[in-house]
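Note that the protein sequences, when read in sequence, are chains S and D.
According to the working numbering, the first sequence is numbered sequentially starting from 1.
According to the working numbering, the second sequence is numbered sequentially starting from 1001.
Hints may be right or wrong, so weigh each one.
With a Cα cut of at most 30 Å, we get these calculated DSS-like pairs of lysine-lysine [stated by the list, open to error]:
#1 Lys1469(D) x Lys158(S)
#2 Lys383(S) x Lys271(S)
#3 Lys1042(D) x Lys246(S)
#4 Lys1048(D) x Lys246(S)
#5 Lys1231(D) x Lys1176(D)
#6 Lys1042(D) x Lys215(S)
#7 Lys271(S) x Lys464(S)
#8 Lys318(S) x Lys156(S)
#9 Lys1176(D) x Lys156(S)
#10 Lys1394(D) x Lys246(S)
#11 Lys455(S) x Lys1176(D)
#12 Lys318(S) x Lys1271(D)
#13 Lys1042(D) x Lys241(S)
#14 Lys318(S) x Lys434(S)
#15 Lys1042(D) x Lys47(S)
#16 Lys1048(D) x Lys241(S)
#17 Lys158(S) x Lys1231(D)
#18 Lys1048(D) x Lys43(S)
#19 Lys241(S) x Lys156(S)
#20 Lys156(S) x Lys1153(D)
#21 Lys383(S) x Lys1042(D)
#22 Lys1271(D) x Lys1281(D)
#23 Lys156(S) x Lys1271(D)
#24 Lys455(S) x Lys1469(D)
#25 Lys318(S) x Lys1153(D)
#26 Lys1338(D) x Lys158(S)
#27 Lys1394(D) x Lys156(S)
#28 Lys370(S) x Lys271(S)
#29 Lys215(S) x Lys1338(D)
#30 Lys43(S) x Lys1231(D)
#31 Lys246(S) x Lys43(S)
#32 Lys1469(D) x Lys1338(D)
#33 Lys444(S) x Lys464(S)
#34 Lys1281(D) x Lys156(S)
Worth flagging that the hints you see were computed from the coordinates, not collected in a lab.
Please read these numbers as outputs of a predicted model, since none were measured by experiment.
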Amino acid sequence: MFRFRPGLLAASLVPAAAIAAQGSPSPSVKQAGKAAINIPFEKYTLKNGLTVVLSEDHTTPTVAVEVVYHVGSKNEMAGHTGFAHMFEHVMFTGSGHVPYGTHDRFTEGVGGSNNGQTYYDWTRYWETDPSNYLETTLWLESDRMGFLLDSLDETKFKAQRDIVKNERRQSNDNQPYARDGEVISLAMYPNGHPHSWPVIGAMSDLSGASVEDVKRFFRLYYAPNNATLAIVGDIDRTQAKAWVEKYFNDIPRGQPIVRPKFGPPTLAGEKRLTFEDRVQIPRLTIRWPSADQASTDAPALRILASVLAGSRTARLTKPLVYDAQSAANVNAFQTGFEGAGEFSVIATPRPGHTLTELETQVDSILARVKNEGPTAEELERAKAGQEFQFLNGLQSNLGKAFELAEDQTFYNDPSYTFRVQYPRLQAVTAADVKRVAAKYLGDKRVVLSNVPMGKTDLASHADKSTVVTDPLTEITTGIKP
Amino acid sequence: MTRIFHPVVAALASLTLVAPISAQQKAVQSGNTSKSTLDRTKIPTAAKAADLRVPSWTKATLADGAELVVSEKHDLPLVSFSINFVGGAAQYEPPGKTGLGSIVGQMLTEGTTHRTGDQISNDLQLLGTGIGAGVGSESGRVGFTSTADKFEKTLAILGDVLENPSFPQEALDRLKGRLNVQLLQNRDRTTGIAGVVFPKVLYTTDHPYGVSLTPETLASITRDDVASFYKSYFQPGRAIITVVGDTTPAAAKAAVDRELAGWASGGSMPKFTYPAVPASKPTTIYLVDKPGAAQSTFAIGAPGPARDTPDYYAIRVMNEMLGVLFQSRLNHNIREVKGYSYGVFSNFAFGKGPGAFRAGGDIVTAKSDSALIEFMKELRDIRGPRPPTDDELKQAKASLVQSLPENFASVNGINASIGQLYVQGLPQDYYQQFARAVNAVTADDVVRVAKTYIDPDHLAIVIVGDRTKIEAPLAATNIAPIVHLDVNGNVVDR
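My request is simple: use the sequences and hints to build the entire structure.
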């Protein structure tokens, strides 16, 4: 769900990596170690409601500029899935005073970069540039925030719609196992729940989007009062503030936003599904509804994920991949969103081993963790890398901009990760891990078997598993517009 | 799976077309069109760019023959450590053992005479880091990044891993089993198939650049092969140790001297000699069938120049405007204007030998023929019919020169930047001279190197896609004859 292929930035979507908060170097960080996990910043709000976060770091003569809009696929309705992301692409087709191509001209064309990304709860846009181009990047970002519709072009919109369809083909339809998530989400969330469809959307919905849709969406959600601007790097704060004032201050405030409200998934029990894919090796995914990103249970779920998988000696990895060698690989992760969360275990069998066998092994190991919790050493190992990850992240202006702006967006506090979340992770106890394992990893879950075409008998407990064919058809046909 | 178009769904979609995307939008009456006194048509002028600051480093030769390079960066308590090896799989793998180097890299952390694989893993987890070891085609690396206070303890484990690996048989068997699964999964992806077939078509399996890991070579690899590759390859005589971050040359040397004390001297720099590439053939489409593919993966190219070509900078500038920048000719045309793809690119592999030129990307099945026409048009145009504009030239140069500082932002970035100089045999002032060399490239140079290194009449066009849908349209373009290959790159009957 990027404007184009993101390279390493994809890691920012992986929840485990999100533990690594980002911050700028300050003398205190180095001296005091753990006690001084910190990113110095300054925050203020313009009269139109735009929140601005500035952070200086003069290590390299570069600057990162990010604008986060608090809108994502969560704000869509059934029948219009994928629109928030398609809109992101439109933001690169030029605006009132910035002809198409100029955005790339003053980022990549001067040694920088730009991209955009859409997720359930947010859409973010960023530039990295040599720091002497800061004013130019602010001119670029402010123009599309204020004047996108002045130059909206039907031809360019349609081209981007085709490109987004290609993105869907490339990242979902033509990728083995990539549709598993769509199948599971549709089963896990009730009809009409915005987490029941993927951010990229359904192909038929993409075809139906119009220029009028773009205009309405822009007027409501792309207002300064729904956005946070972060500027991180080699900046003079006084000068940066003057430019922010110059370019953003006259963009009018929009209407107050009503955030979508939805309840937790209402799974009555276990759902067992089989999806046929163009693969040779089957794969098992078990996913539970879990805690949302702001929940005090989220840190313990993250620790639980590293206790279960990720390292050679983890609870699932050692027995399945190293001892019994029934699995080629196994993965576990906690994903938190605004108002929703998911915990997943994914395992790929070695030839000669079955998904049924893997599920049995996973369940028996989970039962033990729920009963006994992790050992003190397992807990220590799971936490030990966090200080390093935090410090390592401080080296990236863009990484720090993401952290500051998104924390501001969701918690009204740019320092939330290092002030609240990091200490919470450090404070997680074995009892916490045991408790969240028992609380969330119960029988209300979706078990999906991805199997080669025509081999539905390879599903885990195939006799109890329902074969699903084309999951996204249900999104557009199953819900009244 | 390609979504099938259902008339029922389409009817519903058109009904909902006028509905708001979100419930709240019904209420939006007017937009936030602004009135402003600011003249936004005026593009801000950038101040003068900061002078390029290239990190400095010290260099010493250790008793065992390895070079030690240290670059200080004290703003954060981090250290990046690498042992870079000159030469790689192409120089040290015996014939028929493709993939051995990569397996040996992974086997290093599977156990030593002092630690089991589990102990290595647990010890490193407690230090908050991990040791990476890998052998590429022409270089290898063993290294880690850690907090400064964990540097020496991590280095002690690295020393053990480097000097005393035990190569357990069961670990090799397990690794091979997992790699077999990866090989199968790789054949399920059009990009994975193209990654095997394209080099084989260009170089044949008689050239190190043309071979890939196969189930057969994997099966043939034994513990003796692993031990023998390890012994001949991981030697200080071809190693450059790079240490970057919150340390000093003296402290780094003391730590290395202590923790790598058991590393026996030996080894020498490799010779990079390659067999001649196969004689070039008239442009041919090599079609690999992938039934049901939603997109076709394109790989169009030919063997290219080595890294030491005097045309290096001109090629880099040419390639930026051809297929690196977002608004490069290929991506602008095929993605942005035509909408056939999510992104297309071009690349020169360089390397010590004739690394490949490759243009390509993933193309929607129904437009495979149209996209091929556009690829060929752009590859011909840059050779003279459409010479670079002043702005293309300016952007291509600026993108190369002004992106350099970003490489020096992190201890890992600096480490890799310095390591590259040694691995590739580049001068010590390479980064200082880079801007001058790039800026000297002219529009004529761009056209000249395009003519020299991109020959539209002698290209291999590998396309992996749904044959039943794309073969006839591709044939109708009359661009080149079609040869059918299987997923392993072997010719198959029609």
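Going through the hints against the structure:
1. Between the alpha carbons of Lys1469(D) and Lys158(S) the distance comes to roughly 24 Å, so the proposed pair stays at or under 30 Å and holds.
2. Annotation: proposed proximity of Lys383(S) to Lys271(S) is violated, straight-line Cα distance about 33 Å (limit 30 Å).
3. Of the supplied pair hints, the one linking Lys1042(D) and Lys246(S) holds, its CA atoms being roughly 13 Å apart against a limit of 30 Å.
4. Distance hint between Lys1048(D) and Lys246(S) is fulfilled; the C-alpha atoms sit about 21 Å from each other, no more than 30 Å.
5. With a C-alpha separation of about 20 Å, the suggested pairing of Lys1231(D) with Lys1176(D) holds against the 30 Å cut-off.
6. For the proposed pair Lys1042(D) and Lys215(S), the alpha carbon gap of about 26 Å is at most 30 Å, so the pair holds.
7. A distance of roughly 9 Å separates the Cα atoms of Lys271(S) and Lys464(S); the hinted pair therefore holds under the 30 Å criterion.
8. Our distance criterion of 30 Å between C-alpha atoms is broken by Lys318(S) and Lys156(S), whose separation comes to about 52 Å.
9. Annotation: proposed proximity of Lys1176(D) to Lys156(S) is violated, straight-line Cα distance about 49 Å (limit 30 Å).
10. For the proposed pair Lys1394(D) and Lys246(S), the alpha carbon gap of about 29 Å is at most 30 Å, so the pair holds.
11. Proximity of Lys455(S) to Lys1176(D) is assessed by CA-CA distance (about 26 Å); at most 30 Å being required, the pair is judged to hold.
12. As the CA atoms of Lys318(S) and Lys1271(D) are separated by approximately 42 Å, the hinted pair breaks the 30 Å bound.
13. In summary, the hint linking Lys1042(D) to Lys241(S) is supported, as the alpha carbons are separated by about 19 Å, within the 30 Å threshold.
14. Of the supplied pair hints, the one linking Lys318(S) and Lys434(S) holds, its CA atoms being roughly 19 Å apart against a limit of 30 Å.
15. Between Lys1042(D) and Lys47(S) the CA atoms are separated by roughly 24 Å; this keeps the pair inside 30 Å, and the hint holds.
16. A distance of roughly 20 Å separates the Cα atoms of Lys1048(D) and Lys241(S); the hinted pair therefore holds under the 30 Å criterion.
17. With a C-alpha separation of about 59 Å, the suggested pairing of Lys158(S) with Lys1231(D) is violated against the 30 Å cut-off.
18. Using a Cα cut-off of 30 Å, the hinted pair Lys1048(D) and Lys43(S) holds, with the two alpha carbons roughly 28 Å apart.
19. For the hint linking Lys241(S) to Lys156(S), the alpha-carbon distance of about 34 Å lies beyond 30 Å, and the restraint is violated.
20. Proposed proximity of Lys156(S) and Lys1153(D) is contradicted: the alpha carbons are some 56 Å apart, above 30 Å.
21. Restraint check: the Cα-Cα separation between Lys383(S) and Lys1042(D) comes to about 51 Å, which exceeds 30 Å; the hinted pair is violated.
22. Proximity of Lys1271(D) to Lys1281(D) is assessed by CA-CA distance (about 29 Å); at most 30 Å being required, the pair is judged to hold.
23. With a CA separation close to 53 Å, the supplied pair Lys156(S) and Lys1271(D) exceeds the 30 Å bound.
24. Of the supplied pair hints, the one linking Lys455(S) and Lys1469(D) holds, its CA atoms being roughly 25 Å apart against a limit of 30 Å.
25. Our distance criterion of 30 Å between C-alpha atoms is met by Lys318(S) and Lys1153(D), whose separation comes to about 25 Å.
26. Only pairs whose Cα atoms come within 30 Å are accepted, and Lys1338(D) paired with Lys158(S) is accepted, the gap being roughly 10 Å.
27. Restraint check for Lys1394(D) and Lys156(S): the C-alpha separation of about 26 Å stays at or below 30 Å, so the hint holds.
28. In summary, the hint linking Lys370(S) to Lys271(S) is supported, as the alpha carbons are separated by about 21 Å, within the 30 Å threshold.
29. At roughly 24 Å between alpha-carbon atoms, Lys215(S) and Lys1338(D) fall within 30 Å of each other, so this suggested pair holds.
30. For the hint pairing Lys43(S) with Lys1231(D), the CA-to-CA distance comes to about 57 Å; that exceeds 30 Å, so the pair is violated.
31. Straight-line distance between C-alpha atoms of Lys246(S) and Lys43(S) comes to about 17 Å, which keeps the hinted pair within the 30 Å bound.
32. Distance restraint check for Lys1469(D) and Lys1338(D): the Cα-Cα separation of roughly 20 Å lies within the 30 Å cut-off, and the hinted pair is therefore satisfied.
33. A C-alpha spacing of about 15 Å is found between Lys444(S) and Lys464(S), which places the hinted pair at or below 30 Å, so the restraint holds.
34. For the hint pairing Lys1281(D) with Lys156(S), the CA-to-CA distance comes to about 40 Å; that exceeds 30 Å, so the pair is violated.
The structure does not agree with the numbered hints 2, 8, 9, 12, 17, 19, 20, 21, 23, 30 and 34 stated previously, though it agrees with the rest.
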